[in-house]
Amino acid sequence: MKRYFTARMLGVHILALLTIVACLALSRWQWTRAHVHTSMSATSGEFTSLSPLGNYLPLGSVGAQTEVQGTWSRSGRFFVTERPTHGPSLINPNRGSTAVVSWAVPIGAWVCDVLILEDGSAIGVVRGWSENPQAVPPAKGMATVAGILQSSEDADYVSLVLLPELLTTNLVLSHSDVSVHDGYLVSSQPPRGLSAVDPIYTAAPKTSLHMRNVIYTANWIFFALLIVAMWLRVVRDSVKGAITL
Amino acid sequence: MATETKSINGAWTFFKYMAFIVGIALAVLTFVALPYEYLLGHGKTALTTAAWTAHGWLFPIYLIATFNLSLKLKWSTGKTLLIMVAGTVPLMSFVAERKVAQEIN
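Chain order of the listed sequences is G and R.
Reminder that position 53 of the first sequence reads as 53 in this note's numbering, one-by-one numbering, no gaps.
Reminder that position 49 of the second sequence reads as 294 in this note's numbering, one-by-one numbering, no gaps.
Pulled out of the complex, with its shape left as it was, chain G reads as follows:
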């Protein structure tokens, strides 16, 4: 028994176990990446709710029309830069199809503010697009905002040509002092001086499996099995004295 637990053999055991765990973790990661929102459902999204705090925005609420009431945060102003007019023309929700970036359109920024709702929670609002966002005064006072709910932008949807900053819940959170709801709201009625942003989703997205990542999931499981086989072989051969570690 001792032969299986010499100092060198312990090293082999630890290395094998670590790589197996790593392979399985990577397999799991690919499996989550395999689930993508490829297309929108035919029916327009029926609003269910804002995300419960600390939870993801329910898929059924993505692309849904909603109206929220609250007070604009005093320090909630931020910009999402490098956005063409109307926004998502460089976002590509239908993965696999060509992401078209037209160089002719002017590049500006999404002007965003954080709206603090009556229950003390907050949500990020894209108020509109401007070529000169600095000139737009921050929102203040109470407001009722009608808009369309969106989930965090995903790097996979975005053409990497311009490497734009992504609008994610984390970005909203970094400009808010209170808990924020997942996703963001794209205002349908931009204030004067801003043009409307076309939301990426105007209906709830459908989830489908991305084949490449499904196969990568299988690859990682195969790697884990390969390591098990190598591990057994190395242990067997070194105990027999056929190899020296």
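Since the hints were made in silico from the structure, they are not lab data.
Some hints here could point you the wrong way.
Partner residues aside, some chain G positions facing chain R, computed with beta carbon under 7 Å [unchecked claim]:
hint: 1; residue: ARG28
hint: 2; residue: ILE215
hint: 3; residue: ASN219
hint: 4; residue: PHE222
hint: 5; residue: LEU226
All C-beta atoms, glycine included, are put in the ideal place defined by N, C-alpha and C.
Starting from the known structure of chain G, arrange chain R on it as the hints suggest.
Frame of chain G, contents of chain R only:
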């Protein structure tokens, strides 16, 4: 001893071919498919997905070939792992193949 030489030769040939195939595949993917997908903005197409997937299965075969040869040539674990990792770096598997060829000849 003749059978042992024969089995080393077999393992070497297997490794040599796999190092070559994986080397070409990874080079094409890195220097053609990646720029096509991301720099030219075509995204994931059916063809590039097929190519990546094929590489995803060729690479484990390269690992098997490396492991097989490592047993025949009684390599240390570290050396075996190094040659395996070489298969993940573009053009590196060609270097690994040269190094092993020097050892064999």
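Right, here's what the structure says about each hint:
no.	hint	in the structure
1	ARG28	violated, 16 Å
2	ILE215	holds, 5 Å
3	ASN219	holds, 5 Å
4	PHE222	holds, 5 Å
5	LEU226	holds, 6 Å
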